[in-house]
Amino acid sequence: MGRYIVRRLIYLFAVLFVVSAITFGLMHAVPGGPFDKEKALPAEIVKNLEKRYHLDEPLVQQYFRYVGHVFIPEFSKTKFSSNLDDDALFKFKIGSVYVKWMNFGPSYASRSRTVNDIFRQQLPISIQLGLMALIVAILIGMPLGIIAALKQNTVFDYMSMSVAIFGVSVPVIILGPVMIWIFAVSLKWFPATGWGSKPPYLLGFLPQKLGWSYFQHAVMPPIALGLASSAIIARLTRASLLQVVREDYIRTARAKGLQERLITTRHALKNSLIPVITILGPMFAALVTGTFVTETVFGIPGMGKYFVISITNRDYPVIMGTILLYAIFLVIANLVVDILYAYLDPRIRYD
Amino acid sequence: MADLLTVQDLETRFRTREGMVHAVNGISFDLKEGETLGIVGESGCGKSVSVLSLLRLIPTPPGKVVAGTASYQGKDLLQMTDEEIRQVRGAQISMVFQDPMTSFNPVLTIGQQVAEPLEIHQGYSRAMAYDRAAEMLTMVGIPRAKERLNDYPHQFSGGMRQRVMIAMALICTPQILIADEPTTALDVTIQAQIVELAKRLQDELGMAIIWITHDLGIIAGLADRVNVMYGGYIIEKAPVKELYANPQHPYTIGLLASLPRVDESGRRRLASIDGLPPVLMEKPNYCPFAPRCSFAVEHCWKENPPLLQVGDRHTAACWVNPKTGGERV
Ligand SMILES: Nc1ncnc2c1ncn2[C@@H]1O[C@H](COP(=O)(O)OP(=O)(O)OP(=O)(O)O)[C@@H](O)[C@H]1O
Ligand SMILES: [Mg+2]
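Protein chains in written order, with our numbering: chain A, 2 to 352; chain B, 55 to 383.
These aren't lab readings, by the way, just hints derived from the structure by calculation. Since this is a predicted model, take the numbers as computed values, not measurements. It is possible that part of the hints are untrue.
[To be verified] To be clear about the criterion: a stretch of chain B counts as covered by chain A if any three or more of its residues have a C-beta under 8 Å from a C-beta of chain A, and this derived list gives those stretches:
(1) 130-144
(2) 147-157
(3) 166-179
For every residue, glycine included, the Cβ atom is placed at its ideal position computed from N, Cα and C.
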């Protein structure tokens, strides 16, 4: 298992390399640049800016400069300055040597912040939102799917699947405002906008203070974001469980005289969850990276908004950084799923 | 010997998209204490459905036992409550299935699965049930049984898995073991070992066995009596020696004539008889074998023959005496 994980982490770097190259190429292939404004800047200034950010160099050189800054750790005997160029996602000290790693560079659009600042302040909110949406999706989806399968073709089945169809067919952009209108404006149960946590974060993404206000803010957005995913989980769980209960080993269990309840809990559920677990990895990544609409509707200062704005602004470092981080998420989420998978299914061994 | 199980007029149907499938059409048979009853017949003739019906393991819908009784210890299995039949399954009547690959739960250990019947039927603690499971595995010839309890099914070979399956079925010392083609998925040498194992366990534990197979060769060395099935009917019943020496139904004669045959791969082939197996979409008012029968006379097309007495403890569902070619009276 240990060797498998190491192999996968090496693979992660290969993925990041490919993703960064493609993103870099596409980004520069799109017409327009970061300093094209409606009111054109004087050519002199643009030239200076481009020089300052090395945009006047050949593309290949720019690419390797960027990749080098992100992936190659820098060491120093003295403390790094608080200069924007000297920022990095990871800064620490080994013995008397200062190390920094993953310098995503300064943002072109918000001139006073680095990409790492944005990651530190906005990304944790999107991760929290995505994680909670995933939990909502699992907590709603799995029980619905299980009930639907166990009571196949009964009113429970139809009701569960109606909820699921509702979930996939109503987009956040409608569901969100409706929820705000009902639960925030009319009933006043939850605040309409905002998010209840502030940096710094534990482990880079967990809120340090969990107060009442945090929970109040964290009810509606995860539900709005997670409902569609819960519908997917519900349908998959149902299909998978219906498949499993027709397997020979379920008949064997019944022939041994097991109670129906035991047949379901001990023999059917674990098997039926295997395919469901498989989609949780990509689903988590999709939820974390797909928060734009939810964040806009609920006025949450997360990463989604920055990402979309960075693309219209041609804010190259933010685009690159965000996509690389999202790729890391996807690979790590899938790795976690694979490990879970091996735990659930003894036939799978990774060595 | 006393009758342990008496089945009468058992009839099971499946409602399918194409129409009603008459899988078992009113069969009757009995099973005596400690004996081995063989059920033979080609694929699709209703062997599995008839025994699954007894334990009420037919998937419902689409299947349904529409008529019949199956009396076991003075009670009708088919009329029992769900809870009563559950307490019979695995404790008093056990089953071994055909495919040892798919019949085990892949995500539970062998120990969990073999010990399970003791825990649910006899209230054993986990530890005691595991000890007993290890004994049982040793008894069916699994080496290092105690360690292997923690292994998963995929870590066993096909033959070993079938041994484990037998251990699991016998762990509560049932009175009846139903083996539904337990050797079909195994290769020939392993088949023989499983048959030997079943015989030895029967001597030691004394249960009655219903052994279902395609293969008349296996039945010869194992069964006391044989029921031959065709198209959802039992068409011949006889003690095993009598059946081999003096088959009375043309279908049985055909089956025996095509034995023993071993093909290139060394597997014993299914006996083959010209013509197609019967369609089960309707109950025929003629003999279901008549379309493939070289002895068929007019009577065979007018009336489906019931089982007729043709010898001592020997019945056959055929209007014609195949020895003479004339009709029986
Ligand atoms: N779940 C089901 N749905 C519909 N028809 C079924 C079902 N199970 C069995 N049948 C039908 O019942 C008939 C008898 O099937 P059965 O499984 O008893 O055959 P068998 O004699 O055991 O054959 P085999 O030697 O292949 O196991 C078959 O024609 C089959 O199509
Ligand atoms: Mg069968």
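Taking the hints in turn, this is what the structure says about them:
1. Judged by the Cβ-Cβ criterion of 8 Å, the stretch 130-144 of chain B is covered by chain A as claimed, because 5 of its residues qualify and three suffice.
2. Proximity of the stretch 147-157 of chain B to chain A, defined as three or more residues with a beta carbon under 8 Å from a beta carbon of that chain, is established by the 6 residues found.
3. By the rule of at least three residues with a Cβ nearer than 8 Å to a Cβ of chain A, the coverage given for the stretch 166-179 of chain B holds, with 4 such residues.
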